[in-house]
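Taken in sequence, the protein lines are chains D and V. For the first sequence, the working numbering gives the first residue as 490, with consecutive numbering after it. For the second sequence, the working numbering gives the first residue as 2, with consecutive numbering after it.
These aren't lab readings, by the way, just hints derived from the structure by calculation. Please note: incorrect hints may appear among the correct ones.
Ranges between beta-carbon positions, derived for each pair [said to hold, decoys possible]:
1) D:G545 / V:G90: 15 to 23 Å
2) V:L11 / D:V586: 28 to 36 Å
3) V:A14 / D:V586: 47 to 55 Å
Straight-line C-alpha distance at most 27 Å; calculated DSSO-like pairs for lysine-lysine [stated by the list, open to error]:
4) V:K92 / V:K171
5) V:K86 / D:K607
6) V:K171 / D:K607
7) V:K171 / V:K86
8) D:K607 / V:K87
Even for Gly, the Cβ is constructed at its ideal location relative to N, Cα and C.
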Amino acid sequence: MSAPPPPNDGHPSNDPYQGQPPGQGHPPNQGPQHPYQPNPAWNTPPPPQPPSNNTGIVVGLAFAGLAIYSFVNVVVGFFIFFAAMDNRGGGQSIVIVGAVILAIVGLALGIGLLFIRKPVTTGLGIGLMLGWALWSILSAGLCTGLNPGLYG
Amino acid sequence: MPTHEIFVALGVAAAAVVFVREGRRRGALNEHALMAVTGALVGGAIGMRLAGWLETLDLQDLWLYGSRSILGGLTGAYLGVLIAKKLSGYKERTGDLFAPAVALGMAIGRIGCHLTEAPGRPTTLPWGIHAPATTPECPGCLTGEPMHPSFIYEIIFQLAAFAALMWARKRLTQPGELFTLYLAAYAAFRFLVEFTRANETLWFDLTGPQCFLAPGLLLLTIRLAYGYRRGYYDPLIRRKVMA
């Protein structure tokens with residue numbers, strides 16, 4: 490702003506702030522100043538937020554949580570599958586217990602970790618929940634005991 | 002892994018790629034976006050099973066034989082994102098990131114449905130298809146009648162929607178409207194395509210999904226009218242705004 494803006498209607502104006510973008514209005518009266526050098530405190534944009542450096546930690550630990558859940562799912566899913574194949578009875582109870590264990594590990598533990606509100610626990614919590622959801626969707630519930638009708 | 006699940010997995014993978022690219026383009030790829038994706042997947046996994054409540058209120062029946070519904074999954078995913086954003090304190094709109102990803106993912110996932118499920122109601126149209134007699138819950142398959150390829154209709158719709166969303170994403174400036182448009186278009190399409198699907202009818206010759214969609218369509222119409230009056234879609238329809 491080294492030069493004043495020209496009047497827009499051909500008539501000189503006494504308002505030194507004519508031509509400012511709408512919404513800025515007049516500056517607060519803080520003593521004599523050059524009319525075209527606004528008070529720095531008046532129009533200074535807020536400092537930019539520093540980029541979050543937690544994203545890398547959260548994403549990395551989400552993969553770790555996904556791996557941990559997948560390991561647990563393979564172990565528990567093994568028992569669920571063979572319990573469902575067992576014709577001697579009692580298999581359905583084992584399927585229910587297995588499904589509940591996997592839901593606790595994936596969902597309850599995952600949500601619980603989120604509430605600690607630290608990048609490490611947030612990442613792990615997201616990973617556990619992602620693991621439960623992906624195993625449930627991609628196996629149509631076969632691997633997480635959600636869809637025992639599929640065991641035939 | 003069965004055929005259906007292979008295509009579901011491919012659909013999820015394609016949706017993940019589109020989501021990441023879109024998130025990167027919009028500068029919104031952060032832990033909040035990951036949290037929203039988690040909410041969508043968890044909500045989707047639960048919702049697709051809970052949708053069986055439309056068929057039975059018996060919890061054991063629901064668990065053992067409940068359906069796996071796309072509409073239930075989408076509703077659950079939507080609620081899951083809302084809960085995830087509430088938990089992480091994130092206030093920005095995320096639907097626009099999901100819309101093209103969901104469209105492409107569903108186009109691929111529906112190939113699995115086409116290959117393994119009852120294709121549709123009997124038809125005399127020349128593009129009617131036949132399906133193996135072993136297809137579950139498919140009377141038309143047993144009699145050998147030609148049937149509507151309803152999943153092919155949906156695949157074509159989803160691919161067209163994906164192309165339209167990719168075209169519209171740079172033009173729409175109001176956050177969340179890309180998602181609203183996709184949701185409204187899919188709800189209207191799904192309501193219509195149900196007339197060719199082999200689903201059981203419940204009331205007034207309407208299927209379960211149609212009964213679920215009818216009130217949703219009313220709400221979405223009101224929402225679209227609200228957006229239209231405020232000029233959210235002007236960049237798409239080139240409506241002249243009164244000065």
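Right, here's what the structure says about each hint:
1. D:G545 / V:G90: 15 to 23 Å: holds (20 Å)
2. V:L11 / D:V586: 28 to 36 Å: holds (32 Å)
3. V:A14 / D:V586: 47 to 55 Å: violated (32 Å)
4. V:K92 / V:K171: holds (22 Å)
5. V:K86 / D:K607: holds (16 Å)
6. V:K171 / D:K607: violated (35 Å)
7. V:K171 / V:K86: holds (24 Å)
8. D:K607 / V:K87: Judged against 27 Å, a Cα distance of about 16 Å means the pair holds.
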